[in-house]
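Visitor: Read off the chains here:
2 protein chains.
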Amino acid sequence: MRISELAERAGLSVATVKYYLREGLLMPGLSRSATQSDYDDAHLARLRLIRALAEVGGLSLASVRDVLTAIGSDPQDVATAVGTAHEALGAAHRSAGGAEPVQARAALAELGWTVWPDSAAVRQLDAALTAAASVGLPTTPQRLRVYADAAMQVATSDIDTVPRDSADATAAYVVLGTVLYEPILLALRRLAQQQVYSSRAQPDGRQQG
Amino acid sequence: MRISELAERAGLSVATVKYYLREGLLMPGLSRSATQSDYDDAHLARLRLIRALAEVGGLSLASVRDVLTAIGSDPQDVATAVGTAHEALGAAHRSAGGAEPVQARAALAELGWTVWPDSAAVRQLDAALTAAASVGLPTTPQRLRVYADAAMQVATSDIDTVPRDSADATAAYVVLGTVLYEPILLALRRLAQQQVYSSRAQPDGRQQG
Chain A
415 MRISELAERA GLSVATVKYY LREGLLMPGL SRSATQSDYD DAHLARLRLI RALAEVGGLS
475 LASVRDVLTA IGSDPQDVAT AVGTAHEALG AAHRSAGGAE PVQARAALAE LGWTVWPDSA
535 AVRQLDAALT AAASVGLPTT PQRLRVYADA AMQVATSDID TVPRDSADAT AAYVVLGTVL
595 YEPILLALRR LAQQQVYSSR AQPDGRQQG
Chain B
415 MRISELAERA GLSVATVKYY LREGLLMPGL SRSATQSDYD DAHLARLRLI RALAEVGGLS
475 LASVRDVLTA IGSDPQDVAT AVGTAHEALG AAHRSAGGAE PVQARAALAE LGWTVWPDSA
535 AVRQLDAALT AAASVGLPTT PQRLRVYADA AMQVATSDID TVPRDSADAT AAYVVLGTVL
595 YEPILLALRR LAQQQVYSSR AQPDGRQQG
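Protein chains in written order, with our numbering: chain A, 415 to 623; chain B, 415 to 623.
Hints were generated in silico from the structure; no laboratory data involved.
Don't be surprised by glycine CBs; every beta carbon is placed ideally from N, CA and C.
One or more of the hints may lead you astray.
Said to hold, decoys possible - The following label-pair restraints were derived from C-beta to C-beta distances:
no.: 1; chain 1: B; residue 1: Arg-416; chain 2: A; residue 2: Thr-483; range: 52 to 58 Å
no.: 2; chain 1: B; residue 1: Ser-427; chain 2: A; residue 2: Met-415; range: 56 to 62 Å
no.: 3; chain 1: A; residue 1: Trp-530; chain 2: B; residue 2: Gly-526; range: 34 to 40 Å
no.: 4; chain 1: A; residue 1: Arg-614; chain 2: B; residue 2: Arg-436; range: 58 to 64 Å
no.: 5; chain 1: B; residue 1: Thr-483; chain 2: A; residue 2: Val-428; range: 31 to 37 Å
no.: 6; chain 1: A; residue 1: Asp-452; chain 2: B; residue 2: Thr-483; range: 57 to 63 Å
no.: 7; chain 1: B; residue 1: Ser-427; chain 2: A; residue 2: Gly-438; range: 43 to 49 Å
no.: 8; chain 1: A; residue 1: Asp-454; chain 2: B; residue 2: Thr-483; range: 38 to 44 Å
no.: 9; chain 1: A; residue 1: Val-516; chain 2: B; residue 2: Asp-454; range: 29 to 35 Å
Unchecked claim - Stretches of chain A that chain B covers, calculated by requiring three or more beta carbons in the stretch to come under 8 Å of a beta carbon on chain B:
no.: 10; segment: 545-553
no.: 11; segment: 564-570
Unchecked claim - Below are the SDA-like pairs computed for lysine to any residue, each with C-alpha atoms no more than 25 Å apart in a straight line:
no.: 12; chain 1: B; residue 1: Lys-432; chain 2: A; residue 2: Leu-475
no.: 13; chain 1: B; residue 1: Lys-432; chain 2: B; residue 2: Ser-418
no.: 14; chain 1: B; residue 1: Lys-432; chain 2: A; residue 2: Ser-548
no.: 15; chain 1: A; residue 1: Lys-432; chain 2: B; residue 2: Ser-548
no.: 16; chain 1: A; residue 1: Lys-432; chain 2: A; residue 2: Thr-449
no.: 17; chain 1: B; residue 1: Lys-432; chain 2: B; residue 2: Ala-456
no.: 18; chain 1: A; residue 1: Lys-432; chain 2: A; residue 2: Leu-458
no.: 19; chain 1: A; residue 1: Lys-432; chain 2: A; residue 2: Ser-474
no.: 20; chain 1: A; residue 1: Lys-432; chain 2: A; residue 2: Leu-475
no.: 21; chain 1: B; residue 1: Lys-432; chain 2: A; residue 2: Gly-550
no.: 22; chain 1: B; residue 1: Lys-432; chain 2: B; residue 2: Leu-475
no.: 23; chain 1: A; residue 1: Lys-432; chain 2: A; residue 2: Asp-454
no.: 24; chain 1: B; residue 1: Lys-432; chain 2: B; residue 2: Arg-465
no.: 25; chain 1: B; residue 1: Lys-432; chain 2: B; residue 2: Ser-447
no.: 26; chain 1: A; residue 1: Lys-432; chain 2: B; residue 2: Gly-550
Can you make the complete structure from the sequences, with help from the hints?
Guide: So, in structure tokens, the structure goes:
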């Protein structure tokens, strides 16, 4: 397809697609003449990935590049792609650096999880645990266990539903899933709180409006 | 206690505490002289709540005010406090307005949840479902169910662990819990993904460095 069709199908302007080409985020098309190139579904998939990371994930183009590089460098190794995606997505926490994530490591030890001890997600967890404790709401072992069990169910489903047809698609899917499904989980938690209150307030089980 | 001790215990500067007093976010202390007031634990709790909402939740002072007003107006009604907190926290989604949250309502119907159909969390869910679908990763009914079940476990635990000793504390706790425990859940989901890959890659169950 031509660049105009590619842009339209990706929901982007031609100028933006050309910008991604210049920046090397999108691989060049197949040259058909001095002024025309041909693009295929791989280009479309790449553009959708960039857009999701930038618009939904709120990543800077530099972070988008990190994620794309991670996927491109060894797309067969999904576990590494996941780790690298988490690093790029959690860059804010990684750069916060400095202090050791003591609370998070204690929590992970309690859960018996053997994750990469220096990953951005560990620092993200540590920052969150520290923030809660600092306002007088430390995370109890019981809460940690409930949250971890729920997170594990979600993660297991995430990984079991990853398509296996192509390594490239697999890595892209994992990265996208991390970014795209997080807000769904958060929205559902808030709605579940409403649902619990709603159902407890109406013991006879009547439906609301 | 004096304002200096209050500020120190809240981890804020005296200037910031005075600013919150002027803005009406913090209720006045008990006047002891023309230049001195006395503050108690209720003031400290209020300051910690403001700080958590602003710093961890990333809320504007206007949104913080909305949440505090909701808590203050009828602190006995926790369900209403939860709903109002969600509205204030999801203000970005509420103001996006316009289109009906069709996808979210379909999802909620499928789950059988009877939540407030116009709440900010419904729009938040709709925006997330739409974003995922727009990049070719629609949320399947299976995924929706897994995420909803996990969210329900978390929400049930959230609500069961709410302290009942004072209505004021209860509402503050619910609001804080919404803000503070979300990043913990997200970090745990990422770490759980790492844990699943790690445990599957090592079927003999050896521990990693």
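Visitor: All hints are to be evaluated individually against the structure, with a verdict given for each.
Guide: Checked hints:
1. At about 55 Å, the beta-carbon gap between Arg-416/B and Thr-483/A stays in the expected band of 52 to 58 Å.
2. Look at Ser-427/B against Met-415/A: about 59 Å separates their beta carbons, and that is inside 56 to 62 Å.
3. A beta carbon spacing of about 39 Å between Trp-530/A and Gly-526/B agrees with the range 34 to 40 Å that was offered as a hint.
4. Between Arg-614/A and Arg-436/B the C-beta distance comes to about 40 Å, which lies outside the given range of 58 to 64 Å.
5. At about 48 Å, the beta-carbon gap between Thr-483/B and Val-428/A misses the expected band of 31 to 37 Å.
6. As the Cβ distance of Asp-452/A to Thr-483/B is approximately 59 Å, the hint placing it in 57 to 63 Å holds.
7. Between Ser-427/B and Gly-438/A the beta carbon distance is about 46 Å. The supplied range of 43 to 49 Å therefore holds.
8. Hint check: Asp-454/A to Thr-483/B, Cβ distance near 55 Å, so the stated range 38 to 44 Å is violated.
9. In this structure the hint that Val-516/A and Asp-454/B lie 29 to 35 Å apart at CB holds, the actual value being about 32 Å.
10. Counting residues of the segment 545-553 of chain A whose CB falls under 8 Å from any CB of chain B gives 7; the rule of at least 3 is met.
11. Chain B is given as covering the segment 564-570 of chain A, and this holds because 7 residues of the stretch bring a CB closer than 8 Å to a CB of that chain, at least three being needed.
12. The hinted pair formed by Lys-432/B and Leu-475/A fails the criterion: a straight-line CA distance of about 40 Å is larger than 25 Å.
13. Between Lys-432/B and Ser-418/B the CA atoms are separated by roughly 10 Å; this keeps the pair inside 25 Å, and the hint holds.
14. Between the alpha carbons of Lys-432/B and Ser-548/A the distance comes to roughly 21 Å, so the proposed pair stays at or under 25 Å and holds.
15. The straight-line distance between the Cα atoms of Lys-432/A and Ser-548/B is roughly 21 Å, inside the 25 Å bound, and the hint therefore holds.
16. Restraint check for Lys-432/A and Thr-449/A: satisfied, since their Cα atoms lie roughly 13 Å apart, inside the 25 Å limit.
17. With a C-alpha separation of about 16 Å, the suggested pair Lys-432/B and Ala-456/B falls inside the 25 Å cut-off, and the hint holds.
18. The suggested pairing of Lys-432/A with Leu-458/A holds, with an alpha-carbon distance near 13 Å, which does not exceed 25 Å.
19. With a C-alpha separation of about 18 Å, the suggested pairing of Lys-432/A with Ser-474/A holds against the 25 Å cut-off.
20. Restraint check for Lys-432/A and Leu-475/A: satisfied, since their Cα atoms lie roughly 14 Å apart, inside the 25 Å limit.
21. Only pairs whose Cα atoms come within 25 Å are accepted, and Lys-432/B paired with Gly-550/A is accepted, the gap being roughly 22 Å.
22. Annotation: proposed proximity of Lys-432/B to Leu-475/B holds, straight-line Cα distance about 14 Å (limit 25 Å).
23. Between Lys-432/A and Asp-454/A the CA atoms are separated by roughly 15 Å; this keeps the pair inside 25 Å, and the hint holds.
24. Pair hint Lys-432/B plus Arg-465/B holds up; C-alpha atoms about 14 Å apart against a cutoff of 25 Å.
25. Note on Lys-432/B and Ser-447/B: the hinted pairing holds, with a Cα-Cα distance of about 17 Å set against a maximum of 25 Å.
26. Of the supplied pair hints, the one linking Lys-432/A and Gly-550/B holds, its CA atoms being roughly 22 Å apart against a limit of 25 Å.
Comparing the model with each earlier hint shows violations of hints 4, 5, 8 and 12; every other hint is respected.
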